[in-house]
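*Asks:* Below are the chains, spelled out letter by letter.
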Amino acid sequence: MFTANKKVDKLLTLYLPLTMLLSFTIFPIYWTLNTAFKPEGDIVKRPLQYMPINPTTENFVTAWTNVGFATFFKNSLIVGVSTVLVVLVCSTLSGYALSRYQFKGKRSFMIMLLCTQFIPRAMMIIPLFVIFKNLGLISNPLSLIITYTAIEIPFTTILMSGFISNVPKELEEAAVIDGCTKLQALRFVVFPLLLPGIVATGVFTFIYTWNEFLIALMLTNQQSKFTLPVGLSTMMGEFSINYGALAAGSVIALIPAVILFAYAQKHLVNGMGGAVKG
Amino acid sequence: MSYSQGVTETVVNSNKAVNRKKIKKDKWVPYLFILPSFLIILGFLFYPIATVFYYSVQHYDVSAPYYNGFAGLENFKEIFTNDKMFIPSLMNSLKWVVTEVGLQLTFGMILALLLNQTFKFRGVIRAVAFIPWAISGVLASTMWSLMFNEHMGVLNDLLMKMGIVDEPQAFLASTSTAFTSVIIAELWRGIPFFAITLLASLSSIPVELYEAARVDGASRWKSFIYVTLPQLKNTIVLTTLLRVVWEFNNVDLLFNLTGGGPAHSTTTLTMYIADLAVHGSNFGYGSALTVVSFGILLVFAILYLKLSRYEKE
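Heads up: the protein sequence lines correspond to chains A and B, in order.
Heads up: the first sequence is residues 1 to 278, going by the working numbering.
Heads up: the second sequence is residues 1001 to 1313, going by the working numbering.
Everything labelled a hint here was simulated from the structure, so no lab data went into it.
On a predicted model such as this, the values are computed, not experimentally measured, just so you know.
A portion of the hints provided could be inaccurate.
[To be verified] One side of the interface only, derived from the structure: several residues of chain B facing chain A at Cβ under 10 Å: (1) D1026; (2) L1042; (3) I1110; (4) G1123; (5) D1157; (6) L1159; (7) A1185; (8) F1248.
Virtual Cβ for every residue (Gly too), placed ideally from N, Cα, C.
Please work from the sequences and hints to get the whole structure.
*Replies:* Here's what the structure looks like:
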């Protein structure tokens, strides 16, 4: 009797609501996959197919070669990887300074970092367009790399300084006493311990650049320079939409983000919780 | 043990003495380290923001450059007295932010409470539940447009099977359903943000508090109200504040699912600005609108923090 009650209780307070929320989460992803693998004619045919009856990969071929997702993918990759590299170098350096040194202006610098978190991104699109137009960098990946770096650095600096503070200072000092130079101590003692944090920071930065839309739209006006979000958006705005290719393009954009996310999501709860708790 | 410790201490101390001179020499090191970050933030975050304020008092139209020049407060006067889009879009922003943040917080809290319990495959299920966090606004738009679509959308099919609608609806093209549709799609993407941050705080609440509540005979609901909520207060205040700012500025789904339509029924203030910036050319006026929306956010943030008596540990 008691155990039966407990089971019913668990069903009502855990399994049932969890299943409902998870179905809500999964279904749009499932429907996109389902659409992507249907031949064009089957997509609008009624009754709707909840599983592709004649599964095909032709939508992926169309999206990749005809619509230009190969190019969008390459552009997103260039912007993403470059931004990650610049962000990691800058934020490791500044994070190290914040975590290990006391210096005049440190507090002001940290307040400045916090303030940037409240700057509305939409507020920047007009001035950024003017700035990069004057620099002749419209439709140049460099404009996106610079902007994304500026937007990401405050958060990643705070993140990195937290990770660095977790590496005991004594380890570094001990290595110096044992005859390492300061740089060697950083390279052989601090860096290996910091690696998981660096990877997590890089992944979060990459996902941001991979997903950003409004700035990329504003700073790009040639189709050959579109990133994936701009490419998808343009495709959605066309008069007659090829649903199959749109779904396939969505899957192409989805896969890298989800793989990286699956890898880094453990750090997410710790890292984001920590950052928000500040 | 104590001997080696003693030796290390002496070495460290003598090192300190040697280092004292070095410290003076190394004073510039932290400045060198923060320099690249500082310059990039200054040049590409703060400078653009400063220019928004500058443009807001200029006539600055790319397509009519001969009128360009100092405008004083004319752009602002135009916004408050003549702009028929301003008040409706502000109301839409209010509706958008309040519904989104309210719903996301509620469902995010439920999800966090569920995922904080112990059950099989918890790690995998957590990861799956958080996936929408990693999905872009544009991607969420394409996915939900495939759901809402009247020709091949599954939502119409399900509603027709259940007998709720007789024929396929164009949810995104009708003034009565467009707003709700975008709200649902954005909700889908926003729940994980709250779930993630709340889960992090939930797991740091000491178990003893719940045990004490149970000893006192508190029901599950009461221990949620009197133990969980007060412990989460700071996290809730800060995450809702961040989210309000974020949702106020977020246009990805509005831009791609409805483009602000039909009949401007989904045009929020930020959507209005984004539309002016992307499709228009009057950058001076767009900048003035931006300054106004920045002011609204600033006043809101200050009031919110004051009223909620947010305390930093």
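*Asks:* State for each hint whether it applies.
*Replies:* Tested hints:
{"no.": "1", "hint": "D1026", "in the structure": "holds, 9 Å"}
{"no.": "2", "hint": "L1042", "in the structure": "holds, 9 Å"}
{"no.": "3", "hint": "I1110", "in the structure": "holds, 7 Å"}
{"no.": "4", "hint": "G1123", "in the structure": "holds, 8 Å"}
{"no.": "5", "hint": "D1157", "in the structure": "holds, 5 Å"}
{"no.": "6", "hint": "L1159", "in the structure": "violated, 12 Å"}
{"no.": "7", "hint": "A1185", "in the structure": "holds, 8 Å"}
{"no.": "8", "hint": "F1248", "in the structure": "holds, 7 Å"}
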